[in-house]
Amino acid sequence: GESVGLHLPTLSVQEGDNSIINCAYSNSASDYFIWYKQESGKGPQFIIDIRSNMDKRQGQRVTVLLNKTVKHLSLQIAATQPGDSAVYFCAETGSGGYQKVTFGTGTKLQVIP
Amino acid sequence: GAVVSQHPSRVICKSGTSVKIECRSLDFQATTMFWYRQFPKQSLMLMATSNEGSKATYEQGVEKDKFLINHASLTLSTLTVTSAHPEDSSFYICSGRTGQQGGTEAFFGQGTRLTVV
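Top to bottom, those sequences are chains A and B. All you need for our numbering is the position in the first sequence, starting with 1, plus 73. All you need for our numbering is the position in the second sequence, starting with 1, plus 251.
Next comes chain A alone, as it looks inside the complex (with noise of 0.2 angstroms):
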């Protein structure tokens, strides 16, 4: 069936370095994408997300970058911080409020002091 995966399980970053993480999908009628943090213990707070006629998006030190092509998100996060030790998950829905979101494996960012 159609689903959206990650490549890492688990990523180990310094302090002040920048971080990647990476996400392929299936499905390409997907219309957004998105890339959610999750701490211990919460529930899945927004960070981005990229609409499918896009190939890049910025926030603050956050950047989405997608690639249709090849079916490819990825999630950089500059100048990586210890608040950003988390699970980040991306995930892929359509344009509907109705339409419901489907969550990758996750990868867990540990930064390094």
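What the hints contain is simulated information worked out from the structure, not anything from laboratory work. It cannot be assumed that every hint is accurate.
[As the list claims (entries may be wrong)] The calculated DSSO-like cross-link candidates involving lysine-lysine, where the alpha carbons are at most 27 angstroms apart (straight line), are: (1) Lys317/B to Lys115/A; (2) Lys271/B to Lys306/B; (3) Lys173/A to Lys292/B.
This one's a predicted model, so the numbers in the text were calculated from it and none came from an experiment.
Model the placement of chain B on the given structure of chain A, informed by the hints.
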């Protein structure tokens, strides 16, 4: 962003009893609400989708008679775990989206840690 309030955050219940989890959208109308289940170190797995005033649509493998979902208003959805067993222990998370076309963001509650003893 919009706020989804989920209650309780933690609950411990005895095997065989029922537990109700509430999910409220505080500053938007959640036309559609989603309920997820998450086991430790795993991703969020969708259990069901509910539209206000309609019966919920359950994902394959989810028992609708065990996980009762009510979405009676645009700001409140409830999940009741009936006759809970230890294997139902998990982290349950709700999410709300508006019905507006083009609205992309789904807002998540803080989750409920259910422990069945």
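ask   = Given the hint that lysine 317/B pairs with lysine 115/A, does the C-alpha gap stay at or below 27 angstroms?
value = Judged against 27 angstroms, a Cα distance of about 24 angstroms means the pair holds.
inquiry  = With the threshold set at 27 angstroms, check whether the alpha-carbon distance from lysine 271/B to lysine 306/B stays at or below it.
reply    = holds (17 angstroms)
request  = For the pair supplied as a hint, lysine 173/A and lysine 292/B, confirm whether the alpha-carbon distance does not exceed 27 angstroms.
outcome  = Given that 27 angstroms is the threshold and the Cα spacing comes to 22 angstroms, the pair holds.
Every hint from the earlier list agrees with this structure, and none is contradicted.
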